[in-house]
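K.L.:
Residue strings, one per chain:
Protein chains: 2
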Amino acid sequence: MSAGFSVRIAGYSDRRLQAAAARLETRVSRQTGIPLQRAAKDVLIVECQERGAEYPALYDDESYRLDVTESFARLRAPTVTGALRGMETFSQLIAADAESFYVPVLQIEDRPRFPWRGLMLDVSRHWMPLPVIERNLDAMAAVKLNVFHWHLADDQGFRVESKLFPKLQGLGSDGNFYSQDEVRRVVAYARDRGIRVVPEFDMPGHTSSWFVGYPELASAPGPYRIERNWGIFEPVMDPTREEVYKFLDSLLGEMTGLFPDPFFHIGGDEVLDKQWKNNASIQAFAKKNRLDSSAALHAYFNRRVQALLAKHGKQMIGWDEVLAPELSRDVVIQSWRGQKSLADAARGGHRGVLSFGYYLDHMQRASEHYHVDPLSKETAALNTQETALILGGEACMWTEYVDAENVDSRLWPRLAAIAERLWSPRDTSDIRSMYARLDAVSDWLEWTGLRDRAPLGILEQRSGTDLRALDVLARSVEALGIEQRQRAQYYNSLVPLNRLADAARPESEMVRRLEEIAAALFVDPAARQQREAELRTAFTLWSQNTAALRDVFKTRFYLAEAAPVSENLSQIGNIGLRALQYLESGQNVPQGWIEEQEGVLDRLTIPRAEVSLAAVRPVRALLEAMSSGAGRAERAVNPGASH
Amino acid sequence: MSAGFSVRIAGYSDRRLQAAAARLETRVSRQTGIPLQRAAKDVLIVECQERGAEYPALYDDESYRLDVTESFARLRAPTVTGALRGMETFSQLIAADAESFYVPVLQIEDRPRFPWRGLMLDVSRHWMPLPVIERNLDAMAAVKLNVFHWHLADDQGFRVESKLFPKLQGLGSDGNFYSQDEVRRVVAYARDRGIRVVPEFDMPGHTSSWFVGYPELASAPGPYRIERNWGIFEPVMDPTREEVYKFLDSLLGEMTGLFPDPFFHIGGDEVLDKQWKNNASIQAFAKKNRLDSSAALHAYFNRRVQALLAKHGKQMIGWDEVLAPELSRDVVIQSWRGQKSLADAARGGHRGVLSFGYYLDHMQRASEHYHVDPLSKETAALNTQETALILGGEACMWTEYVDAENVDSRLWPRLAAIAERLWSPRDTSDIRSMYARLDAVSDWLEWTGLRDRAPLGILEQRSGTDLRALDVLARSVEALGIEQRQRAQYYNSLVPLNRLADAARPESEMVRRLEEIAAALFVDPAARQQREAELRTAFTLWSQNTAALRDVFKTRFYLAEAAPVSENLSQIGNIGLRALQYLESGQNVPQGWIEEQEGVLDRLTIPRAEVSLAAVRPVRALLEAMSSGAGRAERAVNPGASH
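Note that the protein sequences, when read in sequence, are chains X and A. Here the first sequence is numbered in my numbering, starting from 95 and rising by one per residue. Here the second sequence is numbered in my numbering, starting from 95 and rising by one per residue.
Accuracy of the hints is not assured; some may be wrong.
It does not matter which identical chain is used: a pair holds within one copy or between any two.
Mimicking DSS-like on lysine-lysine, the simulated pairs with C-alpha atoms at most 30 Å apart in a straight line are [unchecked claim]:
1) 261 to 135
2) 135 to 648
3) 368 to 434
4) 340 to 405
Please keep in mind that the hints were generated in silico from the structure rather than gathered at the bench.
Produce the complete structure using the sequences and hints provided.
P.N.:
Here it is, written out as structure tokens:
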């Protein structure tokens with residue numbers, strides 16, 4: 095590939111396929127820098143058999159076959175959606191060598207393991223403007239995710255324009271909402287990329303923002319305000335009044351018209367019953383209708399809403415809590431609680447989607463998400479028919495501690511690991527191999543326009559100078575997840591997310607690589623000198639890093655808290671350098687020194703400034719390698735080998 | 095500033111001012127990370143007297159006054175445009191200290207020196223999509239430029255939709271053109287930011303792309319193709335046929351309707367007369383009408399076009415070559431040739447705009463552009479009335495060697511230095527002070543959404559890994575300008591701009607800083623140790639850098655040419671390290687060593703791979719400091735002071 099690249103559509107063709115081909119041409123041009131040319135010499139032939147569903151649907155055939163030989167590259171797929179998936183693979187395969195850009199000779203047959211592979215994004219707690227949505231849809235398409243679950247309404251904001259009830263967004267969004275035209279644009283954008291859009295309007299709880307304009311929907315008299323705090327709140331719809339269902343009937347009629355997907359999410363999680371219990375009329379209704387618990391009231395509400403959705407041609411989906419014996423079987427259960435909910439649901443004939451274990455706002459490592467499987471634990475015991483009801487999984491991004499500036503960095507690249515879990519065969523599960531691919535995918539995803547590497551640059555920019563040392567610090571720490579942050583200090587929706595914890599990544603690539611190097615130090619004697627040198631470079635940087643930042647900590651109030659983190663990093667660097675010194679000199683390590691340092695590292699592991707010092711890990715790995723038999727034997731046989 | 099910021103409009107108000115206030119609020123929120131809040135505590139009061147021109151106009155009152163005290167911040171301006179300028183200044187003043195974000199207490203009265211402060215951008219040779227235009231308009235507004243000169247048609251592409259003559263863009267643009275809606279959007283976008291849009295349709299030369307669809311306009315029979323090469327080409331309009339003027343009358347009628355600005359640029363540069371000379375009918379016309387030279391034919395054409403523009407209510411502007419004795423006095427001359435053209439034009443009663451010396455595609459340093467003044471050399475000798483005809487200046491960006499990926503990095507931050515020259519008093523001219531401000535402005539401009547730092551990241555991304563060493567190399571070189579590149583190898587519009595030369599910046603900030611450090615080494619003994627340490631860090635990096643890149647050069651064909659550059663960088667680093675060694679040890683430098691090294695540096699200065707090794711400069715400065723009296727005296731008095 096040296097004189098441009100183009101796609102030739104040889105089989106079925108339509109606007110969606112042509113648009114995808116044009117996007118691929120543009121992407122390849124970006125990846126290589128070779129100007130876009132119509133009818134270039136290097137061609138990908140795309141043979142598509144038929145359209146498939148016009149709007150992407152559950153159980154679409156997403157398979158494709160890619161053949162690259164010395165003389166041609168051909169993509170065959172039964173449907174347009176399959177062709178979309180194959181084109182992403184093709185773009186991912188482009189590499190450069192000493193001669194040119196190329197795609198290696200290969201043959202791929204590929205199809206997904208699960209038909210529902212999604213991302214839930216909360217745009218209520220922090221507002222996510224349209225470009226954020228669009229670039230993340232591009233990245234989702236790149237890793238072959240096919241469901242965008244758009245959490246559009248919660249206590250902190252109602253984010254869609256209603257023409258029938260304009261006070262919903264008018265008083266419930268601070269002006270931050272999507273117009274109906276914008277919603278249609280997002281739906282079309284997603285459809286073009288083979289992604290379904292499932293909207294969520296959480297109810298009957300999580301509805302404070304609705305009640306600002308329509309307090310009459312609530313179970314206690316108003317007035318209500320947009321919720322600025324994080325947590326679970328009391329405001330809840332009144333499930334006993336017909337006016338509420340009339341309102342919902344109209345609103346759902348309007349909203350279902352915006353979203354062509356047959357599924358419609360009503361949330362249904364975390365319903366507090368205080369307002370119900372304090373309301374005599376609600377209690378009277380419950381008694382009269384033999385709804386003898388708040389759970390029964392909630393179930394009654396869900397049945398009513400499900401009937402409304404059915405009237406508007408939609409199948410309901412809700413979180414674990416909506417599951418109840420009388421619930422229509424076509425309701426899909428999304429589980430945030432675990433595989434057990436899904437197994438229970440499947441036994442009751444419900445389809446299910448797993449989100450437990452895929453909460454990206456918890457800031458776990460990719461490897462932890464990667465080993466979570468929709469068919470494991472309780473769901474592993476299901477029979478064949480029940481197993482078929484487990485549709486797949488959805489990663490979740492709740493945005494209490496995430497805003498438009500750093501959401502990409504919280505989603506990616508970890509979401510790519512979840513996407514692989516949901517697409518690839520179950521036995522593709524080696525962690526090292528996953529990380530090797532993840533690093534490559536992470537680089538490649540940048541071409542989709544993601545801004546997942548931007549937050550650190552923004553922090554540096556905000557701090558007024560091109561600070562290499564701030565970069566070193568941020569790459570040596572990992573940001574804490576929602577659970578630790580909600581305990582850390584007082585947060586609400588107006589507290590700026592402009593600190594080290596907000597710029598640091600959930601998982602440090604650099605630390606992971608150093609950890610691998612340290613752990614492998616004695617594995618291959620020929621590589622040892624190079625490995626030691628890499629560790630020494632990193633430890634030296636850490637050791638000297640605080641000096642370069644001292645002034646910055648003093649003169650930037652939002653970075654002051656990071657000063658002790660930086661001091662600790664230097665201490666970690668010093669321990670590492672000392673350990674390397676023992677290794678190089680061939681000296682015996684003094685009795686108890688390793689244990690003592692491990693104790694110090696334990697203390698340095700305690701999070702500060704809402705980050706944890708990941709840099710501890712490679713030093714710990716080094717100490718472990720030294721104290722293991724391998725390290726000792728190596729030293730005995732070959733003292734001072736690194737010199 | 096800690097709990098949000100908002101603008102309160104206290105005087106005249108309209109949609110344009112409100113939009114600017116909202117943009118400022120958003121910008122401040124981005125700069126600080128503090129969420130946007132309506133009616134926040136920290137307020138900028140904006141008192142505007144009146145609207146001023148609805149569409150920005152030459153001689154608009156752009157003045158403003160900004161008062162920041164301990165208790166309030168107030169911006170006063172006679173017009174909305176003045177308020178726009180003041181808001182940019184306000185945003186630029188935001189800083190952080192140990193307590194919070196703040197704007198220092200100050201009082202500023204500000205107004206521009208010249209009324210015409212522009213940027214010409216060529217979108218014909220390389221296509222510039224809409225987002226490129228928009229983000230650069232934002233950055234132009236930030237540095238208070240007020241004319242966007244849009245070079246829309248040239249041999250390599252006709253970039254605007256014509257509904258009357260659809261083959262112009264249909265056959266003349268490869269599909270890369272702005273729809274009329276997009277043009278209107280850009281004009282509105284610029285207007286909102288106080289920027290006029292002056293379109294240029296270059297004629298009668300530079301018109302190959304017109305002739306692909308309309309060969310009958312040319313002076314020789316077709317067919318014609320879109321020009322893929324760079325240079326000056328023969329195709330030229332036939333100035334003798336009434337059909338040509340009829341066509342232009344219609345087209346100019348259509349195009350002037352899109353652009354509200356009273357000025358309309360017809361180019362007029364670099365007209366080759368071969369087609370005219372070879373055409374008997376043209377020669378007969380010339381003879382009959384006593385147009386006794388090609389220059390006279392060209393002047394005739396210009397008079398006819400000027401009359402058409404006048405009919406459509408526009409004043410003509412053209413490059414130097416349009417200047418001729420019979421030309422209407424309201425024609426403005428834009429000079430790419432020098433101050434003499436402007437002086438000649440002014441003596442003939444023409445207004446003028448200087449571009450000579452402001453060609454950003456020549457890749458000169460900011461300091462070189464900064465000392466070019468519209469009122470200097472020949473124009474300095476003009477009388478008061480004539481001087482008033484010198485309207486200002488325009489930076490030019492011709493895009494033979496610049497594409498959408500790197501255009502921001504070729505424009506910025508150097509364009510900010512030209513903007514300051516055109517806005518600020520003439521005696522603001524200290525180079526060191528300019529660079530200190532430029533560094534700060536460069537950081538701040540990032541908030542406008544510029545992508546001027548992106549190309550290096552793209553090169554690294556394309557090379558498949560996060561390469562610190564590639565970064566080090568790219569920051570140690572400077573890209574060559576158009577004149578050297580056109581001699582370097584065969585280029586045309588299809589040759590990818592994906593190499594080191596395309597990612598390297600025109601001027602290396604890092605090298606400039608190191609140069610200053612080296613030159614100041616013996617100035618302040620107390621700072622010397624720190625300065626030597628900074629130089630040593632840089633030289634060590636350079637010295638070791640090649641090792642890290644060797645594999646990359648071997649496996650990425652488009653980087654192979656950079657291998658010798660990298661070797662040379664390491665050699666420069668070694669010379670620098672050796673020099674520091676002599677300094678530290680207090681040893682006498684061997685006779686002739688400095689001269690010898692300077693000879694080596696001379697050889698290393700020769701450009702390779704279309705970049706020059708800027709890294710030579712700090713080492714040269716170090717050697718000069720050492721061989722100067724200051725260096726020798728220092729060493730004699732205080733040998734080994736750095737230990």
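K.L.:
Now tell me if each hint is right for this structure.
P.N.:
Hints, one by one, checked against the model:
Only between protomers do residue 261 and residue 135 lie at most 30 Å apart by alpha-carbon distance; the minimum there is 26 Å, versus 57 Å within a single protomer. For a Cα distance limit of 30 Å, the shortest separation of residue 135 from residue 648 across copies, 25 Å, qualifies, whereas the shortest one inside one copy, 58 Å, does not. Taking identical chains as interchangeable, the C-alpha atoms of residue 368 and residue 434 lie at most 30 Å apart only when both belong to the same chain, with a minimum of 28 Å there against 84 Å between chains. In the homo-oligomer, the alpha carbons of residue 340 and residue 405 lie at most 30 Å apart inside one protomer (13 Å), although the nearest pairing across protomers, at 63 Å, exceeds that limit.
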